[in-house]
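Given these sequences and hints, build the entire structure.
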Amino acid sequence: MQNTPDPGEILLLDKPLGWSSFQALKKLKYLKKAKKAGHAGTLDPLATGLLIVCTERSTKKISGLQDLKKVYTGTICLGGATASGDLESEISETRSFDHVNDTLINSAIPKFLGEIEQTPPIFSAIKVNGKRAYELARKGADVQMKPRKVHIYDFKITAVSLPHIDFEVECSKGTYIRTLAMDFAIALDTIGHLTKLCRTAIGEYSLENAKSIDEWALLLEED
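Heads up, the sequence shown is in the working numbering, so the first residue is 1 and it goes up one at a time.
Just so you know, these hints were derived from the structure itself, not from any lab. Hints may be right or wrong, so weigh each one.
Said to hold, decoys possible - Cβ-Cβ distance ranges computed for the label pairs, FRET-style:
(1) His99 / Pro147: 26 to 32 Å
(2) His99 / Thr119: 23 to 29 Å
(3) Lys35 / His99: 53 to 59 Å
(4) Gly203 / Tyr30: 50 to 56 Å
(5) Ser20 / Pro147: 25 to 31 Å
(6) Asp214 / Lys173: 18 to 24 Å
(7) Lys149 / Ala217: 38 to 44 Å
(8) Arg95 / Asn209: 38 to 44 Å
(9) Ile10 / Ile157: 20 to 26 Å
(10) Glu117 / Val160: 22 to 28 Å
(11) Ser20 / Lys173: 15 to 21 Å
(12) Leu104 / Lys26: 41 to 47 Å
(13) Pro110 / Asp166: 14 to 20 Å
(14) Arg57 / Ile157: 40 to 46 Å
What the hints assert, rightly or not - Lysine-lysine pairs mimicking PhoX-like chemistry, simulated, CA-CA at most 20 Å apart:
(15) Lys60 / Lys35
(16) Lys196 / Lys156
(17) Lys211 / Lys32
(18) Lys111 / Lys61
(19) Lys211 / Lys27
(20) Lys69 / Lys149
(21) Lys61 / Lys35
(22) Lys60 / Lys26
(23) Lys60 / Lys29
(24) Lys69 / Lys173
(25) Lys33 / Lys156
(26) Lys60 / Lys36
(27) Lys156 / Lys173
(28) Lys69 / Lys32
(29) Lys111 / Lys149
(30) Lys26 / Lys36
(31) Lys29 / Lys69
(32) Lys211 / Lys26
(33) Lys69 / Lys36
(34) Lys156 / Lys61
(35) Lys146 / Lys173
(36) Lys60 / Lys173
(37) Lys61 / Lys26
Since we're looking at a predicted model, the values are computed, not measured. Note that CB positions come from ideal geometry on N, CA and C, so glycine has one too.
Below you can see the structure in the form of structure tokens.
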């Protein structure tokens, strides 16, 4: 009797802070005892939240999942810029943000709705001349990133406690939230960087239904 191929599963993981997406994928693949697995959309090590992991034949769905809208929450810190756009690198430049107020913040929001153009950060996984941009950037190479068009479906400011601005954004595939944070600070006539990022949804898949590494370990041990 011929064995039926394993259809696989779509697993929702709450990626922990400090883990790369590859590390999280590798751990869940091991726990699941899957022969084949992949994830639908990279999260930086300093980001947390929803990582969709597909196993076995479900890996064929990854491309379609990657095309879905994403929702993120995060925090921008005004007054200081870093090379990476987040906390991966140290502050390299400072600028006053004393003029920033609610009126200025609210007037800047419409500039970041709809189709916008953004330049990906040099600390990204995009390949430049066959190598990852972040690998070149960490070696001090002069990396030139090409602008790209992305779509911002919704952009809300959820709290302001200067120098920090909390936000929620719904966006298309390929949007770099670090770039959004830096560009928003520039629109406020200052500079800034991303200090916190969490992916809360991918299409209909929600972080509320995701499990941590420890929760998946317990669940799969019971199986």
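Now for the hints, and whether the structure bears them out:
1. For the hinted restraint 26 to 32 Å between histidine 99 and proline 147, the CB-CB distance of approximately 28 Å keeps it satisfied.
2. Restraint check, histidine 99 to threonine 119: a C-beta distance of roughly 25 Å satisfies the suggested window 23 to 29 Å.
3. At about 57 Å, the CB distance of lysine 35 to histidine 99 agrees with the hint of 53 to 59 Å.
4. In this structure, glycine 203 and tyrosine 30 break the distance hint of 50 to 56 Å, their C-beta atoms being roughly 27 Å apart.
5. Checked against the hint of 25 to 31 Å, the C-beta distance between serine 20 and proline 147 comes to roughly 26 Å, which is consistent with it.
6. Against the hinted window of 18 to 24 Å, the Cβ-Cβ separation of aspartate 214 and lysine 173 comes to about 30 Å, which falls outside the hint.
7. For lysine 149 and alanine 217, the hinted distance range of 38 to 44 Å is satisfied, since their beta carbons lie about 41 Å from each other.
8. About 41 Å separates the C-beta atoms of arginine 95 and asparagine 209, a value consistent with the hinted range of 38 to 44 Å.
9. Between isoleucine 10 and isoleucine 157 the beta carbon distance is about 32 Å. The supplied range of 20 to 26 Å is therefore violated.
10. At about 26 Å, the beta-carbon gap between glutamate 117 and valine 160 stays in the expected band of 22 to 28 Å.
11. Judged by the Cβ atoms, the range 15 to 21 Å given for serine 20 and lysine 173 holds: they are separated by roughly 20 Å.
12. A hinted range of 41 to 47 Å holds for the C-beta pair leucine 104 and lysine 26, which are about 45 Å apart.
13. As the Cβ distance of proline 110 to aspartate 166 is approximately 19 Å, the hint placing it in 14 to 20 Å holds.
14. Taking the beta carbon of each, arginine 57 and isoleucine 157 are about 42 Å apart, inside 40 to 46 Å as hinted.
15. For a cut-off of 20 Å, the pair hint linking lysine 60 to lysine 35 stands: about 14 Å separates their Cα positions.
16. At roughly 16 Å between alpha-carbon atoms, lysine 196 and lysine 156 fall within 20 Å of each other, so this suggested pair holds.
17. As the CA atoms of lysine 211 and lysine 32 are separated by approximately 13 Å, the hinted pair is consistent with the 20 Å bound.
18. Of the supplied pair hints, the one linking lysine 111 and lysine 61 is violated, its CA atoms being roughly 34 Å apart against a limit of 20 Å.
19. Distance hint between lysine 211 and lysine 27 is fulfilled; the C-alpha atoms sit about 13 Å from each other, no more than 20 Å.
20. For a cut-off of 20 Å, the pair hint linking lysine 69 to lysine 149 stands: about 15 Å separates their Cα positions.
21. Taken as a hint, the lysine 61 and lysine 35 pair is honoured in the structure, with Cα atoms around 16 Å apart against an allowance of 20 Å.
22. For a cut-off of 20 Å, the pair hint linking lysine 60 to lysine 26 stands: about 18 Å separates their Cα positions.
23. Pair hint lysine 60 plus lysine 29 holds up; C-alpha atoms about 16 Å apart against a cutoff of 20 Å.
24. With a C-alpha separation of about 6 Å, the suggested pairing of lysine 69 with lysine 173 holds against the 20 Å cut-off.
25. Annotation: proposed proximity of lysine 33 to lysine 156 is violated, straight-line Cα distance about 41 Å (limit 20 Å).
26. At roughly 11 Å between alpha-carbon atoms, lysine 60 and lysine 36 fall within 20 Å of each other, so this suggested pair holds.
27. The straight-line distance between the Cα atoms of lysine 156 and lysine 173 is roughly 18 Å, inside the 20 Å bound, and the hint therefore holds.
28. Restraint check: the Cα-Cα separation between lysine 69 and lysine 32 comes to about 27 Å, which exceeds 20 Å; the hinted pair is violated.
29. Of the pairs offered as hints, the one joining lysine 111 and lysine 149 holds, with about 14 Å between alpha carbons and a cut-off of 20 Å not exceeded.
30. A distance of roughly 10 Å separates the Cα atoms of lysine 26 and lysine 36; the hinted pair therefore holds under the 20 Å criterion.
31. Of the pairs offered as hints, the one joining lysine 29 and lysine 69 is violated, with about 25 Å between alpha carbons and a cut-off of 20 Å exceeded.
32. Distance check on the hinted pair: lysine 211 and lysine 26 sit about 15 Å apart at the alpha-carbon level, within 20 Å; holds.
33. Restraint check for lysine 69 and lysine 36: the C-alpha separation of about 25 Å exceeds 20 Å, so the hint is violated.
34. For a cut-off of 20 Å, the pair hint linking lysine 156 to lysine 61 is broken: about 30 Å separates their Cα positions.
35. Between lysine 146 and lysine 173, the direct Cα distance comes to roughly 16 Å. Compliance with the 20 Å bound is thereby established for this hinted pair.
36. Distance restraint check for lysine 60 and lysine 173: the Cα-Cα separation of roughly 18 Å lies within the 20 Å cut-off, and the hinted pair is therefore satisfied.
37. This hinted pair checks out: lysine 61 and lysine 26 have alpha carbons roughly 18 Å apart, not beyond 20 Å.
Checked against the numbered hints above, the structure violates hints 4, 6, 9, 18, 25, 28, 31, 33 and 34; every other hint is satisfied.
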